[in-house]
Amino acid sequence: MIGIEQIGVYIPKKRLSNLDLRDKFQIDEDFVKNKIGVVSRSLKAPDEKASDLCIKAFEDLQSKVSFSLEEIQCCVVVTQNPDYNVPHVSAIVHGVIGLSEQCACFDISLGCSGYVYGLSIVTAFMQANGMEKGVLFTADPYSEIIDEEDKNTVLIFGDAATATLLDVNADLTPLGYDFGSKGAGYKNLINEGKLSMNGRAVFNFTATSVPISINVLLNKLELNKEDIDRWYFHQGSKYIIDTITRRLGLDKEKVVFDMYEYGNTVSSSIPILLSNDLAALHKGEKIGLSGFGVGLSWASAIFKKN
Amino acid sequence: MSDVTVEQVISVIGKSNITKDGSMLSPDKPLSEQGVDSLDISGLLLTLEEDFKIAIPDEDIDALQTINDIVSYMNSKS
Chain A
16 MIGIEQIGVY IPKKRLSNLD LRDKFQIDED FVKNKIGVVS RSLKAPDEKA SDLCIKAFED
76 LQSKVSFSLE EIQCCVVVTQ NPDYNVPHVS AIVHGVIGLS EQCACFDISL GCSGYVYGLS
136 IVTAFMQANG MEKGVLFTAD PYSEIIDEED KNTVLIFGDA ATATLLDVNA DLTPLGYDFG
196 SKGAGYKNLI NEGKLSMNGR AVFNFTATSV PISINVLLNK LELNKEDIDR WYFHQGSKYI
256 IDTITRRLGL DKEKVVFDMY EYGNTVSSSI PILLSNDLAA LHKGEKIGLS GFGVGLSWAS
316 AIFKKN
Chain B
324 MSDVTVEQVI SVIGKSNITK DGSMLSPDKP LSEQGVDSLD ISGLLLTLEE DFKIAIPDED
384 IDALQTINDI VSYMNSKS
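Taken in sequence, the protein lines are chains A and B.
Counting from 16, one number per residue, gives the positions in the first sequence under the numbering used here.
Counting from 324, one number per residue, gives the positions in the second sequence under the numbering used here.
No lab work stands behind these hints, which were simulated from the structure alone.
Ideal Cβ positions, reconstructed from N, Cα and C, are used throughout, including at glycine.
One or more of the hints may lead you astray.
Distance condition first, Cα-Cα at most 25 Å in a straight line; then the derived SDA-like pairs of lysine to any residue [stated by the list, open to error]:
#1 Lys209/A with Lys338/B
#2 Lys166/A with Thr389/B
#3 Lys267/A with Ile377/B
#4 Lys267/A with Pro353/B
#5 Lys209/A with Asp381/B
#6 Lys253/A with Asp381/B
#7 Lys202/A with Lys338/B
#8 Lys338/B with Asn49/A
#9 Lys376/B with Lys166/A
#10 Lys197/A with Ile377/B
#11 Lys166/A with Ser334/B
A few chain A positions that, by computed beta-carbon distances, are all more than 12 Å from chain B [stated by the list, open to error]:
#12 Phe46
#13 Ile51
#14 Gly208
#15 Arg215
#16 Val217
#17 Ala222
#18 Asp257
#19 Thr258
#20 Arg261
#21 Val270
Not close to chain B: a few residues of chain A, all C-beta gaps over 12 Å, as computed [unchecked claim]:
#22 Asp43
#23 Asp45
#24 Gln88
#25 Asp162
#26 Thr223
#27 Ile255
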């Protein structure tokens with residue numbers, strides 16, 4: 016079965032401090048650290064585009080696992096901040112990396128739910144077409160659309176990219192997924208020249224929809240929450256992760272949180288966390304993933320280490 | 324819905340993701356002046372909506388500065 020083999024990550028080194036914005040937005044250190052959970056935000060160079068971030072994540076992937084470029088049969092990028100409206104970012108990445116002309120390329124337009132959606136889409140695409148190796152990229156450089164004066168968004172988002180190698184012989188494979196959308200709320204997180212967010216509406220959406228999604232998925236798979244060894248939620252903010260953890264009644268020790276030093280990296284947040292833990296997963300362990308946000312949409316999955 | 328009391332709202336504050344001990348809050352002082360931040364307020368409003376099965380529109384929120392404001396508002400909705 017096709018699963019996750021390895022994950023490459025690129026987080027730009029440059030940081031912007033949220034502590035420097037305390038006076039401007041009348042917030043204190045406790046709020047920055049314990050509510051937002053973002054002390055500093057990663058920032059790409061002005062001339063770096065989504066494709067550049069993907070290529071650096073791919074270089075990291077190549078440093079972690081051995082494979083030849085000719086083996087890659089599909090190249091898929093999740094982004095809503097592409098280099099251009101035309102062409103798709105995956106074509107640019109394909110050309111720069113030098114992948115085979117037989118390699119399929121397409122983009123997926125999703126935000127924070129995009130990685131989990133992408134895992135399902137790409138593994139199904141590979142399965143349907145007899146492919147053995149593919150790469151799923153995430154790269155959504157929100158620094159290009161952030162309004163520096165908007166307290167609701169400027170303190171949260173950071174730039175990053177990931178490259179996940181999906182392989183027919185990988186041993187971290189999906190048990191099942193749950194997807195959903197509340198399209199009536201699309202205006203609550205929208206880019207109309209600059210990003211704007213109705214924080215309360217997005218919070219309500221997340222706090223109510225994600226626990227339901229997780230419970231639906233666990234029921235479908237006849238699993239209990241105690242059967243899951245680690246939870247990887249989209250790192251929206253510390254407050255939202257704490258809220259989901261509390262409302263689901265999860266063991267805090269099983270819920271991964273790490274965005275203090277780079278921020279909410281949109282579709283890259285889950286694979287960044289997962290990349291740190293891949294080698295430590297033991298045979299038989301199960302992990303839960305859930306991405307949620309733009310759309311408003313969500314996607315949850317349970318994976319098992321075989 | 325029977326009349327909502329200060330004690331019921333404080334109980335909801337305890338259920339919300341607010342770190343402050345609800346019983347230590349003064350009912351007639353703005354919550355924002357008692358260490359309750361904007362994210363806490365979002366959590367509190369959601370729990371109020373769920374527990375009392377009402378919708379609190381965004382335009383009503385500015386009027387909900389204190390626990391007493393919330394009690395009056397909830398009772399006006401019943």
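- For the pair supplied as a hint, lysine 197/A and isoleucine 377/B, confirm whether the alpha-carbon distance does not exceed 25 Å. Cα-Cα ~20 Å, so holds.
- Message: Between the alpha carbons of lysine 166/A and threonine 389/B, is the straight-line distance 25 Å or under?
- Response: Roughly 23 Å separates the two Cα atoms, so the pair holds.
- Taken at face value, is the distance from the CA of aspartate 381/B to the CA of lysine 253/A at most 25 Å? holds, 23 Å
- Query: Is the hinted pair lysine 267/A and isoleucine 377/B satisfied, with a Cα-Cα distance of at most 25 Å?
  - Reply: Violated: lysine 267/A and isoleucine 377/B sit about 31 Å apart, past 25 Å.
- Query: Can we confirm that no CB of chain B comes within 12 Å of the CB of isoleucine 255/A?
  - Reply: violated, 9 Å
- Message: Using Cβ atoms and 12 Å as the threshold, tell me whether aspartate 45/A really stays out of contact range of chain B.
- Response: Not fine: 9 Å to the nearest Cβ puts aspartate 45/A too close to chain B.
- Would you check the hint for lysine 376/B and lysine 166/A, treating anything up to 25 Å between C-alpha atoms as holding? With a Cα-Cα distance of about 30 Å, the restraint between lysine 376/B and lysine 166/A is violated, given a limit of 25 Å.
- Query: Is lysine 166/A within 25 Å of serine 334/B, Cα to Cα?
  - Reply: The hint is violated at about 30 Å.
- Message: Quick check for students: does the CB of glutamine 88/A sit more than 12 Å from each CB in chain B?
- Response: holds, 44 Å
- Message: Just want to verify: glycine 208/A was marked as not at the interface with chain B; is every Cβ pair farther apart than 12 Å?
- Response: Consistent with the label, glycine 208/A stays out of reach of chain B, its closest Cβ about 22 Å off (over 12 Å).
- Would you say isoleucine 51/A is clear of chain B, with no C-beta pair closer than or equal to 12 Å? Since the minimum Cβ distance to chain B is about 8 Å, isoleucine 51/A lies within 12 Å and the statement is violated.
- Query: Between lysine 267/A and proline 353/B, does the CA-CA distance stay at or below 25 Å?
  - Reply: violated, 32 Å
Hint compliance for this structure: hints 1, 3, 4, 7, 9, 11, 12, 13, 15, 16, 17, 18, 19, 20, 22, 23, 26, 27 are not met, and every other hint is.
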